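**Q** Each chain, letter by letter, is given below.
Number of protein chains: 4
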Amino acid sequence: MKMTVRVTIWNEYRHELTDDKVKAVYPHGIHRALADGLAEHGIDAGTATLDEPEHGLTQKVLESTDVLVWWGHMAHHEVSDEIVERVYRSVLNGMGLIVLHSGHCSKIFAKLLGTNTCALKWREADEKERLWIVDPSHPIAAGISEYIELEREEMYGEHFDVPPPEELVFVSWFEGGEVFRSGLTYRRGQGKIFYFRPGHETYPTYYHPDIKRVIANAVSWAAPSGVARPVYGNTQPLEQIKPKQ
Amino acid sequence: MKMTVRVTIWNEYRHELTDDKVKAVYPHGIHRALADGLAEHGIDAGTATLDEPEHGLTQKVLESTDVLVWWGHMAHHEVSDEIVERVYRSVLNGMGLIVLHSGHCSKIFAKLLGTNTCALKWREADEKERLWIVDPSHPIAAGISEYIELEREEMYGEHFDVPPPEELVFVSWFEGGEVFRSGLTYRRGQGKIFYFRPGHETYPTYYHPDIKRVIANAVSWAAPSGVARPVYGNTQPLEQIKPKQ
Amino acid sequence: MKMTVRVTIWNEYRHELTDDKVKAVYPHGIHRALADGLAEHGIDAGTATLDEPEHGLTQKVLESTDVLVWWGHMAHHEVSDEIVERVYRSVLNGMGLIVLHSGHCSKIFAKLLGTNTCALKWREADEKERLWIVDPSHPIAAGISEYIELEREEMYGEHFDVPPPEELVFVSWFEGGEVFRSGLTYRRGQGKIFYFRPGHETYPTYYHPDIKRVIANAVSWAAPSGVARPVYGNTQPLEQIKPKQ
Amino acid sequence: MKMTVRVTIWNEYRHELTDDKVKAVYPHGIHRALADGLAEHGIDAGTATLDEPEHGLTQKVLESTDVLVWWGHMAHHEVSDEIVERVYRSVLNGMGLIVLHSGHCSKIFAKLLGTNTCALKWREADEKERLWIVDPSHPIAAGISEYIELEREEMYGEHFDVPPPEELVFVSWFEGGEVFRSGLTYRRGQGKIFYFRPGHETYPTYYHPDIKRVIANAVSWAAPSGVARPVYGNTQPLEQIKPKQ
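Residue numbers (the UniProt record's numbering), protein chains in the order written: chain E, 1 to 245; chain R, 1 to 245; chain A, 1 to 245; chain B, 1 to 245.
What the hints contain is simulated information worked out from the structure, not anything from laboratory work.
One or more hints might be untrue.
To be verified - Below are the EDC-like pairs computed for lysine to aspartate or glutamate, each with C-alpha atoms no more than 20 Å apart in a straight line: (1) Lys128/A / Glu146/A; (2) Lys244/R / Asp51/E; (3) Lys107/R / Glu124/R; (4) Lys244/A / Glu239/B; (5) Lys111/R / Glu146/R; (6) Lys107/E / Asp81/R; (7) Lys242/A / Asp126/B; (8) Lys111/R / Glu78/R; (9) Lys107/E / Asp126/E; (10) Lys111/R / Glu239/E; (11) Lys111/A / Glu82/B; (12) Lys242/B / Glu146/A; (13) Lys111/E / Asp161/R; (14) Lys128/R / Glu78/E; (15) Lys107/A / Glu149/B; (16) Lys212/E / Glu85/E; (17) Lys212/E / Asp44/E; (18) Lys107/R / Glu40/E; (19) Lys242/R / Glu85/E; (20) Lys111/B / Glu124/A; (21) Lys244/B / Asp126/A; (22) Lys111/E / Glu78/E; (23) Lys107/E / Glu149/E; (24) Lys111/E / Glu166/R; (25) Lys111/E / Glu151/R; (26) Lys244/E / Glu124/R; (27) Lys244/B / Glu151/A; (28) Lys128/A / Glu239/B; (29) Lys244/A / Glu239/R.
Since the structure is predicted, the reported quantities are computational estimates derived from the model, not experimental observations.
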C-alpha cells in the first residue's frame, strides 16, 4: 500500500564530514542513505541538517512535514532550544517522529519522554546484534521474518531509562551478553513516536534491506491520522445542572 | 498495614491567604488539611510552600522525602526552574510524586510527562462529580466502594492531553455532561507518579473520607521499592565475542 | 484511503425476527444495517447469522475473512463451542475481530480476553449517551469531532470486568450517572480486537453517521498487517555455545 | 517488610518421581524447594500436587489461598477442567497466581490469558541464561542487582505468543542467540498474575538466591489488595433522567 506521507530526515551530519571511517560508509551523509532507503519503498523525503540555518527545520518545513526522522549523536547540545521547542510543538500537534540510535540522548526525545534518556549501557566492539520481533502483529514489523541480524554493531544494553513503551516491537540480543528494548512506540499529544535502536555511524546498518523496511513501515505508522482537534479550556455545560440545596 | 513513608506535602498556598472563600474552607492551608488526612491513616507528613526559601524544597528536604504531594494553581510560573529540576531529578531517582487537581498544569508534571498538560476542558459550576473505580484490583482504590461522590466540584473534561496512563484507576462523571480520566499512574526513571483530579480550592474535597483514603493509598503505592541501582555507560563484554572474518 | 479488506458481519439475528420493536428499527437485520454502513465507506462485507449451517462461519468463510464483526445477545449459549474454537483460531492467526455492544458477553470474547466479560452494570431507560474521544491520535477515532452523541441508548456502567485495554479510545457518559470504557483495543496472537459499546437492538444506533464511521475505521485498523509467521518449537542454537566446566 | 500471605504451591510432581536426574536435583519435589525458598523470606506456604484428590486444590484450599504458585509440564492435559475452572474463578475473585516456567502451557494460564500460550521456541542445551531487569522500579525486582545469571538452563525464545504484558520486568539473554520476555504481569478480574520463566526440572534453579527472592517478591506483589467488590447487573439511575420529546 503506497501512502503519500511528507517526510523530513534530520541528520546532525558531523561524523560524516570529520571522520574518514564514517565518510567511507556514508559518503553523502546518513540522511541521504535514509532518504534512498525510503525511496525504495515509494516514500519521498526531504532532508535537513544541523548546520543549515535554523538547523533546516524552519516553521515552514515543519508545517509541511508529516513525519520527522532524527539522527544525532556528538552535537546534541548544539541543537538550539528554540528549534527543539518548535519540533516539540509539531509532535504534540500530530507530526510523527522516528528517533534513531543515539538520538535517544537528544533534547527532543528527552523532552517528549520525560526522562533523561541518555542512561543505558554501551560498547563499541564490532559485535553481532540480532533484533527479535516480539510483536509480530505490529505494522512496523510487517515484511520482516523472525529477526534482523546485523553482523557488526555498537552494543546498547539495559537498563534503558525510558518510560515503559506503549508497544514493544523489537528486543535486541548482543553477542557480548546484553539485551535491549530496541523498537519502542509512544504517543505524545496527537503525535506518534517510534524509537529504533540500530545505526551506529561506523557501520553500514542503514543499507540493510530489513532496516530500510522497518523505517519505511515506521514512517507509514507514524503518519497523522487526520483526527479533528479537541477543544480545550473553559466551557459551558452540555446538560442542565440541577440547583443544589 | 502501616508503613513508614516519609512524605512532604507541597502547596502553593496563595488562594488560602488572599481569597476569603478559600480561607473559609482551608483556614490553615490545603497542605494542613492534606497532612491531617494522612495522619488519620498513620502517615506523618511534613509541609513546604511556595513562599518559603527554595519553595521549602531544599536538597536536604528532598533527600529525606519518599513521596512528594503537589498542589499548585495560580502561580505555576513562579516555581523556579532550578527547583523544578531538583524535584525532577529526585523523581527519576525514585521519589514518588502525587500530583493533585490543577497541578496537571505545573512545570514538574509537564516535564515528567512530556506533554503540555494544561490542555483539558474545565468549568466552575458547583456540579456533582462521581469518580468511578475502573480498576478494582488496584491498591490505590483499596477500601473504596464503587465510586466516590462529591456533591460540588469544578469540572475537568476530556480530552485531557496526557500520555496514555500505564494504569487507569478512576474515571469521573460530571453532571454537566463530561467525563475525565481522574486517577492515572505513570513511571519515570525509578519514580512512580499518581495524578488525582479532585480538589478545587473552593470546595471541602480534601476533608472527604474517601479522598483522604485514596491519597493515603497513593502515598503507600508510590513509595520507593528499594531496588538496587542499574549501572549505565561504557561497559565491558560479559561474553567472549568471536572474531569476525 | 480505500482498502480492500474482506469483512464478514456475524449477527445473531433473533431479536429482529421475534420482537416487533426491533423489527421496526432493523427490518433487514442488524447485519444488513452494518453492511450498508460499511459500504458507504467503500468496504464490501458479507454476512452470516446464527441459524445458518455452522452459523454461517464455515472454515471457508473464515479463511476468506480479514475482519469479523460480531453482534450477539440473547443466544450466546447457542453458539457451538466448535465454531467458537474455529473463530478463536482464526483470530490468533491474524483475523481482526470487532465485538459490538452485548457481544461483550459472547463466548468468543470471553475466550479471547480471559475474563467472564458479562460483568458490568446495565439499564434500559432511553437515556442519553455521549462517547468522548480520549485518544484523538487513534485511527479508529479519525473523522469524529470530540464526541458522539446518541439521544437514546441502553446504559452500560463500570465496573466493566475486562483486562486493562491496550488502548482506550472512547469513554461514555450516561445521563443516569454512570461512565463506561466504550472503545477498547486488544491483541491476541496475531489478531487485533476492538470492542465498541453502542448498539442496543431497540435503537437506530447503527444508522448514526459517526457510529458507521467508527466501525469502518475499526475494520481498517483491525485488518491483518501481513507479517511473516514466527517459528515455534524445538530449535537449534544460532550461536556456538561454549562447553561448561 | 513481612506480610501474612497465605500461599499454596501447586506442583505436577511427576518428573521428580520418575526421572533420576530430576530426583537428584529435587529429591522432595519442586514444591518443597519452592516452599523452603519462600520460608527464607518469612512466607509460609502449603503445597498441593496433581495426584492428590482434586489435585490438592479443593474449594476449601482455594478459599484459604491468597496466592497460588503453579509448576506443571508433562501432564498439563491431566489437570481436570473442573479444577481449572475452580482456579480460574478464584483468580477472577482476587487470588494471585504465579506461573512458573513450563506452566506457560498449562490450561489455567491459557484460559486466563486468552491465547494458546504453548507457542515459543525452546532448546535443552545447558546454556547460560541472563535475566536482565528492564523495570528497576518494580517491586518484583526489589533486592536484585542488574541481572540474574543462571549458568545452565533450558532456552525459551521469542516469539512468545502471549498478550502484551501490562508490565515487563525481566528480559532473558541466552548464550545460543535468543531473547525472551521472562517476567510478565497481567491482571484478570481482581486477580494479579505473574509469569516467571526460569526453572527447568533438571537444573537447580529454584535454589538460586535471586530466584527465590523474585518469587517471594512476586507473592507479596500478587496478594489481594482487599478492595470492595463492584456491583454488577441491572441497576437504577443515580441521576434523574429527563423525559425525551
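**Q** Next, verify each hint and record whether it holds.
**A** How the hints compare with the structure:
1. Lys128/A / Glu146/A: Answer holds: Lys128/A to Glu146/A is near 16 Å, not above 20 Å.
2. Lys244/R / Asp51/E: 37 Å, violated
3. Lys107/R / Glu124/R: Roughly 23 Å separates the two Cα atoms, so the pair is violated.
4. Lys244/A / Glu239/B: Violated, because 71 Å separates the two Cα atoms, which is more than 20 Å.
5. Lys111/R / Glu146/R: Cα-Cα ~33 Å, so violated.
6. Lys107/E / Asp81/R: Between Lys107/E and Asp81/R the Cα gap is close to 17 Å, so the pair holds against 20 Å.
7. Lys242/A / Asp126/B: Holds: Lys242/A and Asp126/B sit about 10 Å apart, inside 20 Å.
8. Lys111/R / Glu78/R: Holds, because 15 Å separates the two Cα atoms, which is no more than 20 Å.
9. Lys107/E / Asp126/E: Not satisfied, since the Cα-Cα distance of roughly 28 Å exceeds 20 Å.
10. Lys111/R / Glu239/E: This hinted pair is violated, its Cα atoms lying about 35 Å apart.
11. Lys111/A / Glu82/B: 16 Å, holds
12. Lys242/B / Glu146/A: Answer violated: Lys242/B to Glu146/A is near 23 Å, above 20 Å.
13. Lys111/E / Asp161/R: Given that 20 Å is the threshold and the Cα spacing comes to 15 Å, the pair holds.
14. Lys128/R / Glu78/E: 51 Å, violated
15. Lys107/A / Glu149/B: 43 Å, violated
16. Lys212/E / Glu85/E: 29 Å, violated
17. Lys212/E / Asp44/E: 13 Å, holds
18. Lys107/R / Glu40/E: 44 Å, violated
19. Lys242/R / Glu85/E: Violated. Lys242/R to Glu85/E sits at ~45 Å, over the 20 Å cutoff.
20. Lys111/B / Glu124/A: 32 Å, violated
21. Lys244/B / Asp126/A: 8 Å, holds
22. Lys111/E / Glu78/E: 15 Å, holds
23. Lys107/E / Glu149/E: 30 Å, violated
24. Lys111/E / Glu166/R: 19 Å, holds
25. Lys111/E / Glu151/R: Distance ~38 Å between Lys111/E and Glu151/R Cα, so the pair is violated.
26. Lys244/E / Glu124/R: Cα-Cα ~14 Å, so holds.
27. Lys244/B / Glu151/A: 9 Å, holds
28. Lys128/A / Glu239/B: Between Lys128/A and Glu239/B the Cα gap is close to 12 Å, so the pair holds against 20 Å.
29. Lys244/A / Glu239/R: 13 Å, holds
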